[in-house]
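One line per chain: the protein sequences are A and B, in this order.
Number 222 in UniProt numbering belongs to position 222 of the first sequence; there are no gaps in the numbering.
Number 189 in UniProt numbering belongs to position 189 of the second sequence; there are no gaps in the numbering.
For the record, the hints were derived by calculation from the structure and aren't laboratory data.
Predicted model only: the values in this text are computed from it and were never measured.
Heads up, a few of these hints could be off.
Unchecked claim - Okay, derived cross-link-like pairs now, DSBU-like style, lysine-lysine, Cα gap no bigger than 35 Å in a straight line:
1) A:Lys35 - B:Lys78
2) A:Lys406 - B:Lys54
3) B:Lys316 - B:Lys16
Claimed, not checked - A few chain B residues that don't get close to chain A, going by computed Cβ distances all over 10 Å:
4) Ala42
5) Phe59
6) Ala64
7) His65
8) Ala80
9) Glu82
10) Arg100
11) Gly233
12) Met258
13) Ser262
14) Thr304
15) Tyr358
16) Asn371
17) Leu397
18) Ser401
Ideal Cβ placement from N, Cα and C applies to all residues, glycine included.
Protein chains: 2
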Amino acid sequence: MGKLMRRLSTQDQSFKQAFADLLAFETVSDPELLKTVDQIIADVRQHGDAHVLKLTQQFDRHPAHQFSDLELTQEQLKSAFEGLDNDVREALELAENRIREFHQAQKQDGWTYVDALGNTLGQKITPLDRVGIYVPGGLASYPSSVLMNAVPAHVAGVAEIIMVVPAPNGELNPLVLAAAYLAGVHRVFTIGGAQAVAALAYGTETVPGVDKITGPGNRFVAAAKRAVFGQVGIDMIAGPSEILVYAEGENNAKWLAMDVLSQAEHDTVAQAVFITPDEQLLNEVEQAIEEHLAALPKAEIARTSIANRGALVLVKDRQEAIDLINQVAPEHLELCLDEAQEMSEQIRHAGAIFMGRYTPEAIGDYCAGPNHVLPTSGTARFSSPLGVYDFQKRSSLIMCSQEGVKTLAKTADVLAQQENLDAHARSARYRYQ
Amino acid sequence: MGKLMRRLSTQDQSFKQAFADLLAFETVSDPELLKTVDQIIADVRQHGDAHVLKLTQQFDRHPAHQFSDLELTQEQLKSAFEGLDNDVREALELAENRIREFHQAQKQDGWTYVDALGNTLGQKITPLDRVGIYVPGGLASYPSSVLMNAVPAHVAGVAEIIMVVPAPNGELNPLVLAAAYLAGVHRVFTIGGAQAVAALAYGTETVPGVDKITGPGNRFVAAAKRAVFGQVGIDMIAGPSEILVYAEGENNAKWLAMDVLSQAEHDTVAQAVFITPDEQLLNEVEQAIEEHLAALPKAEIARTSIANRGALVLVKDRQEAIDLINQVAPEHLELCLDEAQEMSEQIRHAGAIFMGRYTPEAIGDYCAGPNHVLPTSGTARFSSPLGVYDFQKRSSLIMCSQEGVKTLAKTADVLAQQENLDAHARSARYRYQ
C-alpha cells in the first residue's frame with residue numbers, strides 16, 4: 001500500500017518534528033483577492049441594490065432583471081418543504097428538533113445580586129436584533145448548515161434572521177429552502193460572494209443591515225467577513241475540516257476507517273488522523289481504508305487528503321494520546337474505547353468529542369443535536385462551537401444605593417487620582433461628600 | 001457659551017441626519033502602518049527574543065542588555081504592592097475583591113443530559129491554557145486595566161497569565177505591578193508594541209506563545225492584534241470611549257455634567273452625549289459643564305471631545321430616548337431617573353447600564369465589580385463586556401448507546417446522501433445495520 005497515509009510512531013526519534021509538520025497549515029492571504037473584495041464592499045456601500053444585482057447577474061449568471069427577483073417568499077420556502085420526499089422531510093424534521101432541543105439547553109439567562117453594601121449588580125442578556133446567515137451555493141449548498149446556523153439564532157430570540165444563498169444560473173437546492181423554512185429564517189436573498197456579505201454588513205435599499213454574519217463560504221466570502229468584522233460581528237473563519245480518531249480495545253476497523261474517510265472526503269486539504277496504541281488495529285484500519293476507497297464516489301478527494309494531510313499514529317499508551325490530542329485541539333475527536341468518558345475528562349481542547357463505538361462523527365454533522373460549526377486548525381484552544389451564546393450578548397447592570405455607593409465612590413476617587421483622571425475622581429466624590 | 005457642545009432636538013426637521021452624523025466614526029486603516037506591523041511580526045517569528053530586545057531598546061529606549069532583563073520577578077511585583085501607600089493599597093484591594101466577586105458569578109459550568117433515545121449529550125467547559133494581557137505603558141498605564149483583564153482570566157482558571165507592559169526608558173508604574181501581583185498574573189515582560197503582540201502570538205525562546213491576547217493598546221498594538229487573530233484569539237478592538245447619560249426628574253446638574261466630562265477627559269475623540277426631555281435641565285447641565293471645565297486639569301482634551309463629538313439632545317419623552325439609546329448601543333449608559341430599572345428593561349443594546357443618581361460611571365471603571373472593558377462604537381449590538389466567558393471555551397459532548405444511535409444513524413444516512421457525502425452516510429449506516 002505504501003504511500004496511502006503517513007505512519008508515525010511516538011517511539012521515532014523524529015516524531016516531535018514530524019507531528020508538528022503534520023499539523024502545520026498556514027492560509028496565505030492573497031493581496032489581489034483582498035483588493036478585489038475591498039472594491040466590491042466599497043461599491044456595494046455606494047451603489048447598494050444595483051451593484052449587488054449586477055454582480056449576481058455577472059458571477060452567478062442569475063436571470064434576475066431587478067433586485068426584487070432576488071428575494072424568495074415564505075410561500076416558496078414552505079412549498080419547498082412540502083415538496084420533499086417523506087423520508088427526507090422526516091429526517092430533516094428530526095434533525096431540526098434535536099438541534100433545537102440541544103441549543104435550548106445553551107440559552108443563558110441574566111442574573112442580579114445585591115452586594116453587602118446594598119448595591120445591585122448583574123448581567124442582562126439580550127438577543128441580537130438581526131443576523132445574516134451565509135449559505136454557499138452549488139455543490140456545497142448543505143441543508144445541514146442552514147439548520148446549524150439558523151436554529152441557534154432562532155432559539156436565542158433573534159428577531160430577524162436573513163439568509164443569503166447564491167443561486168448559480170438561478171438554480172437552488174430545494175432542501176436548503178426547506179431547511180430555512182423549518183429553522184425559522186425570516187427572509188432569503190439569492191445572492192452570494194463578497195457582495196452578499198457587504199449587503200448584509202452595511203445594508204442596501206432592500207437588504208437590511210445585520211448585526212452579525214455567520215456561516216461558511218469560499219475565500220471571497222471569508223475575506224469579506226474578515227473585512228467587515230467590527231462593523232458587524234462574525235463567527236470564526238473556518239479552516240479545513242479535521243477528525244482525530246483514537247481507538248483502543250475491541251473495535252471494528254471498518255467502522256473506524258470509514259469515520260476517518262468521512263472527513264477526508266470533504267476536501268483535499270481536510271485532515272484525518274488515527275491514533276492508537278494497538279499496532280495490529282493500526283494495520284487493520286489502514287487496510288480497511290484502502291478497501292473502502294475502492295467503493296467511495298469521492299475516493300479521489302479522500303485519497304489526496306489522507307496522502308497529504310492524514311496520518312496513522314502509534315502511541316505507547318493512552319496518556320501519550322491525550323497529550324497529542326491536547327496539542328492538536330481537533331475540531332472533531334472520536335474516543336473509541338470503553339473508558340471514553342473517563343478519557344474525555346482529560347481532554348482540554350476539542351470542538352466536539354464523540355464517545356464510544358456507537359458515536360460516529362457523521363451523526364454530529366446532521367442530527368445528534370450539538371452544532372456542527374466547530375473551531376478548526378487548533379482554534380479549539382480558545383474558541384467554541386457555534387451556539388446560542390453567539391446570538392446573545394450581555395450588558396452589565398449596576399445600581400448603587402445612596403448609602404452603598406459611599407465606599408465605592410471613595411475607592412474610585414483614590415484610584416482615579418492615581419490615574420490622573422480628575423473628572424472621574426470628582427464625579428465619584430460628588431456621591432460620597 | 002455658543003460652541004461648547006452641539007445641541008439637537010428630536011423636534012428638528014434635520015434631527016435624524018444630524019444624529020446619524022454624530023454617531024458616524026470610521027477608523028481608517030493605514031496601509032503603511034499595516035505593512036510596518038506585518039514586518040515586525042515576520043521578524044519576531046524569525047528572530048525571536050533577539051528582535052524583540054532590539055525593538056524594545058530602539059522604540060522604548062529600554063536599558064536592557066539581554067532578553068532576561070525584560071522579565072520581572074514575582075518578588076518585584078510583590079514589593080511594588082507592599083510599597084504602596086496605605087490608602088492606595090486598600091483601594092486596590094477593595095477593587096480587586098469586588099471585581100473578583102462579580103466575575104465569579106459569571107463562571108460557567110458544563111452540563112449533560114440523556115435524551116429520550118438514551119444518548120448522552122452535553123457541553124464541557126474548560127479554561128484557556130495560557131493568555132497574554134497587553135497593558136499600555138507611559139501615561140495610559142492604568143492599574144485598573146490590569147485588574148479588569150487579569151481577574152476574569154484568573155477566575156476562569158487560566159493556568160498561565162502572561163502580562164506585557166512597555167517600560168519607556170526602563171520606567172514602570174509601580175501601581176501596575178502591584179495590580180498584577182493582586183490579580184494573580186504569572187509572568188510579566190516589559191515589552192510592548194507590535195513586537196510584544198507577535199511574541200505572545202507565536203512565542204519566542206523566552207516568551208511562551210499564548211492562546212488569546214486581550215487588553216488595550218495604541219494603533220500598532222491594535223493592528224498587530226488584528227493581524228494575529230486566528231493564530232490566537234483576541235478581544236474586540238476598542239474604539240474611543242463613550243458615555244450616554246439620560247436624566248429626568250430630580251437630578252443634580254453638576255453631578256450629571258461631571259459624569260459627561262469623565263468620558264470626555266479620556267480622549268479628544270471620546271463621545272459624551274446627554275439626553276433629557278427636560279429643557280431646563282439641559283440648560284443647567286450645559287452651564288455646569290462650562291463651569292467644571294474651568295477647574296479641570298484635562299479641560300483641553302475634554303473641551304475638544306465635547307465640541308467635536310459631544311451632544312446635548314432634547315427628546316419629547318422617555319420612549320424617544322429609549323429608541324435613540326438602542327440606536328446608539330452606547331458603551332456606558334447612565335439612566336438617572338427614579339424608574340431606572342423599569343427603563344433598563346427596554347434597553348436592548350449597551351455595554352454597561354448605570355442606574356439611578358448614585359451610580360456614576362466612574363465607579364464602574366474601578367471598583368463596582370463588572371468589567372470596564374466594554375464594546376464601543378455601537379458594537380454592543382453584537383458583543384459583550386470582557387468576562388470570564390472570554391477565558392473559557394466549550395466542547396460538545398456526544399455519546400450514543402448501541403440502541404440510541406439507530407434512529408440518529410438512519411437520519412444521518414438519509415441526509416448525508418442528499419448532500420452527496422457517501423462516506424458520511426456509510427459511517428452512519430454501520431451503526432444501525
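Now the hints, each set against the structure:
A distance of roughly 50 Å separates the Cα atoms of lysine 35 of chain A and lysine 78 of chain B; the hinted pair therefore is violated under the 35 Å criterion. For the hint linking lysine 406 of chain A to lysine 54 of chain B, the alpha-carbon distance of about 48 Å lies beyond 35 Å, and the restraint is violated. At roughly 14 Å between alpha-carbon atoms, lysine 316 of chain B and lysine 16 of chain B fall within 35 Å of each other, so this suggested pair holds. Remark: the non-interface label on alanine 42 of chain B is consistent with the geometry, its nearest Cβ contact in chain A lying 12 Å away (cut-off 10 Å).
Interface exclusion of phenylalanine 59 of chain B from chain A stands, the closest Cβ pair being 23 Å apart, more than 10 Å. Once the 10 Å rule is applied to beta carbons, alanine 64 of chain B is consistent with being away from chain A; the minimum gap is 26 Å. The beta carbon of histidine 65 of chain B is kept farther than 10 Å from every beta carbon of chain A, the shortest such distance being approximately 32 Å. Every CB of chain A is more than 10 Å from the CB of alanine 80 of chain B (nearest about 13 Å), matching its label as outside the interface.
For glutamate 82 of chain B, the shortest C-beta to C-beta distance to chain A comes to about 16 Å, beyond the 10 Å cut-off, and the non-interface label holds. A cut-off of 10 Å between C-beta atoms confirms that arginine 100 of chain B is not in contact with chain A; the least separation is 12 Å. A cut-off of 10 Å between C-beta atoms contradicts the statement that glycine 233 of chain B is not in contact with chain A; the least separation is 4 Å. With a least beta-carbon separation of about 4 Å from chain A, methionine 258 of chain B fails to lie farther than 10 Å from that chain, contradicting its non-interface assignment.
The Cβ of serine 262 of chain B does not lie farther than 10 Å from every Cβ of chain A; its closest approach is about 4 Å, which violates its non-interface assignment. Chain A leaves threonine 304 of chain B outside its interface by the beta-carbon criterion, the shortest separation being 14 Å against a cut-off of 10 Å. The beta carbon of tyrosine 358 of chain B is not kept farther than 10 Å from every beta carbon of chain A, the shortest such distance being approximately 4 Å. A cut-off of 10 Å between C-beta atoms contradicts the statement that asparagine 371 of chain B is not in contact with chain A; the least separation is 7 Å.
The beta carbon of leucine 397 of chain B sits about 5 Å from the closest Cβ of chain A, which is not more than 10 Å, so the claim that it is off the interface is violated. The Cβ of serine 401 of chain B sits about 6 Å from the closest Cβ of chain A, inside the 10 Å cut-off, so the non-interface label is violated.
Checked against the numbered hints above, the structure breaks hints 1, 2, 11, 12, 13, 15, 16, 17 and 18 and satisfies the rest.
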